Amino acid sequence: MANSTPRLDVKKTYKLFIGGAFPRSESGRTYEVKSAKGVFIANPSLASRKDLRDAVVAARAAHSGWSSATAFNRGQILYRIAEMMEGRTSQFIDEIVALEGVTPAAAKKQVEQAIDLWVWYSGWCDKIGAIYGSTNAVSGSYYNFTIPESLGVVATFAPAKQSLLGAVQALAPILAGGNTAILIASEKFPLPAISLSEVIGTSDVPGGVVNILTGSSAELAPWIGSHMDIDGVDASGLNKAQEKELRIAGADNLKRIHTFKESASPQRVLSFMENKTVWHPIGV
Amino acid sequence: MTFEYSSAPESKAIVKLDPVYKLYIGGKFVAPKSGKTFATINPATEEVLAKVGYAEKADVDKAVKAAQAGLKIWSKMAPSERGKYLYRIARIMQERAREFAVLETMDNGKPIRETRDIDIPLAAAHFFYHAGWADKLEHAGVGSNPKPYGVVGQIIPWNFPLLMLAWKIAPALATGNTVVLKPAETTPLTAMLFAQVCEQAELPAGVVNIVTGDGATGAAIVNHPDISKIAFTGSTDVGKLIARSVAGTNKGLTLELGGKGANIVFEDAPIDETVEGIVNGIFFNQGHVCCAGSRLLVQENIQDEVLEKLKRRMAQIRMGDPLDKNTDIGAINSKEQLKKITELANSGDEEGAMRFSPSCTIPGKGFWFPPTIFTGVTQAHRIASEEIFGPVLSVISFRTPQEAIEKANNTPFGLSAGIWTDKGSRILWTAKHLRAGVIWANTFNKFDPASPFGGYKESGWGREGGRHGLSAYLKGAK
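Chains as they are written, first to last, in the numbering used here: chain A, 1 to 284; chain B, 1001 to 1478.
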């Protein structure tokens, strides 16, 4: 240790998150992410159509297990994500400050809001059915009830700004409803979402339940729209023209496509759930 | 000795047909701008019942303007008073129920027993149920300050004409919207009778507007810029077309589309009740039912017994004059639909499935298709995957519950399914794994205004009925 050369940082390679693993894009493509001050930070993957298809396969495979896990179990896992994030608060603050150019105080607030949002949605897992399901007083000797169930595989575009909070508000409600997710990270500020994938990878979330892609929303949106094994899309992160194209392509399998304004809303959970009504006669 | 049924026809005297029905716009019956009309026939006799106005773009525009004017009154009215109008409508429909039933049977071809006991009472019940919601909208599940969309465009099918009208209009009105509704081309008459009910109920002008026409009329509604929400019931193909048309607009959209319902019979099912359920599942309303149990999935070890009893039961089905109170299966609604059913059934023969129909007399006039089942059907056959919308059942066997689920879910549709078993835990396990919006366990084809109805996957968007259906007509914080 006698050598007086200053220590060189060990920098992270920012990769995709598919099926619980951290692959590079199969295309070999990356793009340059710079700080708010214009300094090079990283070369994250520029995800391709094939990466998206791999993510859909992983998400579909994970859906049966995740949707049939007990709601209590799902709630605990979402809470675990909040716990794991809390321990990485300073890392997230640094990334947000560097990328978004906001003050450390503003970055800290964003991280705290993101963590608390996981906690909030965690609590919805085992309550959404009680509040939004129903027993229906039909005119006849039948027991009749309606329960919300998971939709399936849902893709979601994180909003461009507030990169971490945006990613969490896009992901958490989808997972709370028992769906598996493919998140397209903020194109300009993708790094907090990738760090989030590292949190998720160590939070007992089964592989494939969350898949995170970085790259061009404009490039991926049409493939998401036309993919026949995606059931729903949160298009809040797209512009109006992209959203329109997505809706036209998405009509091929009648994808449920929604946009939202509120971060914390049970409508975000319900929009990606299907209501199932069951009838049975009453008799002896 | 054999017993014969005497004919027991319901009298047509209660119905007074007008020679020409105009459009109902802004509380008045007005002729279409072009003066064009088209005929509606009785599909059991092919006789022309009446001419109805053919609404084009200009007429739809007029109806939307009337609905906008109506909205000023309707959306600002005290909700409890709005509800009272719906109660009035429900009561008048009950008072005139038999008239509605006979007219519906004449225009649609479905048996009087069904219009009298199911379509019309359920339609009235729908208004009664939704009337009570009008002043409780903050409990509808879309937040504390829900708002109506405004003018809603509604397009309904021909299989349950008045009932589908009620499913559309009742929740729209209860939530403070006004409507422009287009009945199906082949079944416009009960909608025009409903317009008379609106008059008798003194409903403010413009709250309900009814424009008769065809697909072009529907397209004019879908594409009208001053309509805030579209509600459509019909085929999946048209539903997708509408979804593309409204992309990029701020229009809300709910869709009730096609289905290919699996009716699953496990080995421990009570066979006699199950056979009744199978018959009700596929032959009710000539099979013109989007949620029909059109795929019979039967456990292999009881297949022979079930099929034998089913065939014996089918021989007792009475097809014929829809106005006869003993009739079980009436007329196919149109020549076009008969052609489609015939073509798909023929594909069953060609692809190697085996056809069975009981011998029955087909009337000389009108459109008819006998109750039919196909055995030896594989999942690759067209009759196993395409919606036939007629009295044609495809029988497929399975060995294990897992296989039943896989086969049942192997369709882009997800509207309905049936489960027949004596075991409670198996019902709940099966119901949980079926990807369908309505599951009937040890029953089939039951409907109620309080019970949400609608499909998974390509069977549609949203629900109709119950709190869930109501909320589709309200905008809240999201």
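Note that these hints are calculated values from the structure, not bench results.
Given the structure is predicted, the values throughout are model-derived calculations rather than measurements.
A couple of the hints might just be wrong.
As the list claims (entries may be wrong) - Computed footprint of chain B on chain A, listed as stretches where at least three residues anywhere in the stretch have a Cβ under 8 Å from a Cβ of chain B: (1) 18 to 30; (2) 138 to 147; (3) 270 to 282.
Claimed, not checked - Here are the simulated lysine-lysine pairs, DSS-like style, with alpha carbons at most 27 Å apart: (4) B/Lys1136 <-> A/Lys261; (5) A/Lys240 <-> B/Lys1407; (6) A/Lys127 <-> B/Lys1478; (7) B/Lys1446 <-> B/Lys1478; (8) B/Lys1407 <-> A/Lys261; (9) A/Lys127 <-> B/Lys1136; (10) B/Lys1057 <-> A/Lys127; (11) A/Lys127 <-> B/Lys1240; (12) B/Lys1057 <-> A/Lys244; (13) B/Lys1016 <-> A/Lys261; (14) A/Lys240 <-> B/Lys1475; (15) A/Lys240 <-> B/Lys1136; (16) A/Lys161 <-> B/Lys1057; (17) A/Lys240 <-> A/Lys11.
Glycine is no exception: its CB is placed at the ideal position from the N, C-alpha and C atoms.
Against the structure, the hints:
For the region 18 to 30 of chain A, the assignment as covered by chain B is violated, since 0 residues bring a beta-carbon within under 8 Å of that chain's beta-carbons and 3 are needed. Restraint check on the region 138 to 147 of chain A versus chain B: 6 residues with Cβ-Cβ distances below 8 Å, three needed, restraint holds. Under the rule that three or more residues need a Cβ within less than 8 Å of chain B, the assignment of the region 270 to 282 of chain A holds, with 9 such residues. Of the pairs offered as hints, the one joining B/Lys1136 and A/Lys261 holds, with about 25 Å between alpha carbons and a cut-off of 27 Å not exceeded.
Restraint check for A/Lys240 and B/Lys1407: not satisfied, since their Cα atoms lie roughly 39 Å apart, outside the 27 Å limit. The straight-line distance between the Cα atoms of A/Lys127 and B/Lys1478 is roughly 18 Å, inside the 27 Å bound, and the hint therefore holds. For the given pair, B/Lys1446 sits about 33 Å from B/Lys1478 by alpha-carbon distance, which is inconsistent with the 27 Å threshold. For the given pair, B/Lys1407 sits about 40 Å from A/Lys261 by alpha-carbon distance, which is inconsistent with the 27 Å threshold.
About 23 Å separates the Cα atoms of A/Lys127 and B/Lys1136, which keeps this hinted pair within 27 Å; it holds. With a C-alpha separation of about 47 Å, the suggested pair B/Lys1057 and A/Lys127 falls outside the 27 Å cut-off, and the hint is violated. Between A/Lys127 and B/Lys1240 the CA atoms are separated by roughly 33 Å; this puts the pair beyond 27 Å, and the hint is violated. In summary, the hint linking B/Lys1057 to A/Lys244 is supported, as the alpha carbons are separated by about 25 Å, within the 27 Å threshold.
With a C-alpha separation of about 54 Å, the suggested pair B/Lys1016 and A/Lys261 falls outside the 27 Å cut-off, and the hint is violated. With a CA separation close to 20 Å, the supplied pair A/Lys240 and B/Lys1475 stays within the 27 Å bound. Under the criterion of a C-alpha separation no larger than 27 Å, the hint pairing A/Lys240 with B/Lys1136 is inconsistent with the structure, at around 35 Å. Among the hinted pairs, A/Lys161 with B/Lys1057 is inconsistent with the structure: their alpha-carbon atoms are about 44 Å apart, more than 27 Å.
Between A/Lys240 and A/Lys11, the direct Cα distance comes to roughly 37 Å. Violation of the 27 Å bound is thereby established for this hinted pair.
In summary, the structure is inconsistent with hints 1, 5, 7, 8, 10, 11, 13, 15, 16, 17 from the numbered list given earlier, while agreeing with the others.
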